[in-house]
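J.: In the order they appear, the protein sequences are chains W and H.
Counting from 1, position 58 in the first sequence corresponds to residue 58 in the numbering used here; the numbering is continuous, with no gaps.
One rule links them: number in the numbering used here = place in the second sequence (from 1) + 1000.
No lab work stands behind these hints, which were simulated from the structure alone.
Incorrect hints may have been included.
Here are the computed lysine-lysine pairs in the DSSO-like style, where the Cα-Cα straight-line distance is at most 27 Å [to be verified]:
#1 K437/W / K232/W
#2 K141/W / K437/W
#3 K290/W / K1063/H
#4 K68/W / K335/W
#5 K1063/H / K141/W
#6 K144/W / K133/W
#7 K440/W / K429/W
#8 K1063/H / K92/W
#9 K1063/H / K429/W
#10 K296/W / K382/W
#11 K61/W / K340/W
#12 K84/W / K144/W
#13 K174/W / K188/W
#14 K429/W / K227/W
#15 K126/W / K335/W
#16 K437/W / K1063/H
#17 K309/W / K137/W
#18 K144/W / K327/W
#19 K440/W / K1063/H
#20 K1063/H / K227/W
#21 K370/W / K126/W
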Amino acid sequence: MAHGVLARRLTRRTILKSTVLGAFALAAAGCNVVPGIGAKSKMLVWTDPTFAPASDDYQTKVIEDWAKEKGVEIEVTRDPVDQKLQAAVESKQLPDISQVDDGRYIKYQPSGMLLDVSDLYAEFGKAWGGFYKPAEKTVTKQGKQFMLPYSIDSSLMLYRNDILQEGGVKEFPKTWNEMFDTVKKLQKPPDLYGCGFQFNKDGTDAEATFGMMALSYGATLVKEDSKTINVKTPEMKAFLTELKRSWDLGVYAPGVTGWDNSANNVSLQDGKAIVIHNPASPLVWFRNNKPEMLPKIGIAGTPAGPTGKAYNTFYLRDGFAIMQTGKQANIDLSKDLMRKLYSKDVYRQWIGLAFPAPAVAGMEDHEVWKNPQRKGFLDAAKSGVLTGYPGEPTEAYTELGSRTPFIQMAIRTVIDNWSADQAMDEVDKIARDIYSKYYK
Amino acid sequence: MSATPATAGTGARGRLTARHREWLLGYAVIVPAFAFVFGLILYPAVWGIYFAFTDKVIGRPEKFVGLTNFFWVLQWPDFGLMIVNTVVITVLAVGIKAIVGMTMALVLNEDIPFRSAARALMFLPWTVPSFVAGLIWRWLFDDQNGLFNWGLLNLGLIAAPIPWLGRPATAFMAIVVVLVWKGFPFFGISYLAGLQAISTELYEAAQVDGANAMQRFRHITIPGLQHVILITVLLSTIWTANTFDLPFILTGGGPGNATEVFTLLTYQLGIQNGRVGDAATVPIMAMPFFGALIVVLTRYMLSREEA
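Chain W extracted, bound-state conformation (with noise of 0.2 Å):
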């Protein structure tokens, strides 16, 4: 009986229809999971996951209420942005708006998929007493903006400044040739060390460090020009001599040569290096595990070179961009999102409980800034030099940055034994290949 009526069931026919109504079906589910093929319009809202969550908790929690409030079908994802939209802009299968950082913005805003959003920017900068200058050129492209600039991060000196004081150290060391010496004799190896740098391609906080050391002995790696390849110089060399004295000091732990990116945050907050450059993610960590520590930090700007002069980093961390979806109805509401995120009291309140600067100059009578600690990433934020300095962000120096070129002469020099001269020539060599694909 059973059998029977599977063998009315499993006619051939039957299988055939089967198959066609599946694949049907299964064309028709993939086509709801694929953004802008077949789904129900929606806005897609894509967001990245910051070390401070709280602040990601409010900022997803104000675009969730001003779509209930506008009766719009919104998705916010609070996920790596990086992949996901690098396959979106391939594939054309983009978001309405992406959260977009300096780095993202030189890779894709060529691609034309960035709207102009010059009339946002325009309106936001009057609303806040304009962006402040390294946001502006970093987001301003032939006299237009493509992205709106939202927060800006800088790598600063986080150091134990409970260990200092106990040492007969009032102030943190002015140049680095003082912090090294200062360092070495205030650390207890092999329980703390001196210094919380990387020496390796996979801690790329360190490839900022050794670059704004770099800069503050005046090398640079390229000119102003933004193209003229310049590693083969004396004040390379000096700044690699200077690398390599502190490393012959013993002021790093062996195992920084296989460090992380986070490995740096974790000596600070373990208590096994007394300095670390990072930006304020260890601040937080602090806030959130360890409070009772917390005060016990202190902030430096980056040190000082031979010459007097001392250079912070600059990241845009946080800005939008509303992508060219070709949705009109969308881009509209995009832009309306976009007031709502700029008015004054969502930025305000997000800028509190965040931890970096606004990219806008009209909110430092915010009460955040009399905290020091926040302080001295708001100082940063209005000085900080954008990446391919003393030239203009570029895509070749992008590539090049990925390359981690100082880590890797930093590496050479202290790992490899090799001379100054030696580590200069290999990335000397990466530098013109890279830039070869770029300018012929």
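With chain W's structure known, arrange chain H on it following the hints.
T.: Chain H in isolation, oriented as in the chain W frame:
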């Protein structure tokens, strides 16, 4: 409706003969497999080869550049080192996996207590996702809070943490160790299946003839497993040489360039910099090697089927 007899195709529906309907059914059944092979293997492979001859960058139209990308990659400072590292890591890891796998199979083929549980346990590393395995091993090797250093320090065997991933030799070996840990169960299970296909009478006869354990292993086990050994070694060579996730998570190519493998260059060019043309070139250059292995493997398997 009842099933239409295969020979009763008449009328409007009868335009399709029984044989045609069989064909249609056959094609319908292979459609999913074909869609899979075409959509996820053939189509991307053809695009990948095409991109290797272009200057394709994410989000922008490409133009044909001939062999420019190949020359550019060949003169890349670390390229030679990457190839050497890839070959050495592959040879070491596959060799050790085969030895450990064989040991595992021989032990688990014996009548030992808790044999079923031991078999399941030994297979465990194979089931752990590579990403998770990489993160766990990264923590184990960590010089600041890693388990290995914690244990050695507490046992008083070392005075200061060992930077396992911070020294070229130990970082290199760490990658090999994790690759072996992750991959030996595949060998073990394959060899175990092979061992169970070898007649016990052969061993009994050899024992009667006075052959010792080593002689039985050499003259019965190894010949009996030679086909399994060849297939597992070839497959594992392809998988290991293509490994990206474990070196990426464990060392990222460091310290220095000590553990750079060619898949990391592909990632750096394609994912980090969106230079799809250059990135596609690197695996395309490795294709002849892998292609040769696949041809050997396929021919061998087909010849076995025919035999």
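J.: Taking each numbered hint in turn, which are not upheld by the structure, reported in ascending numerical order?
T.: 3
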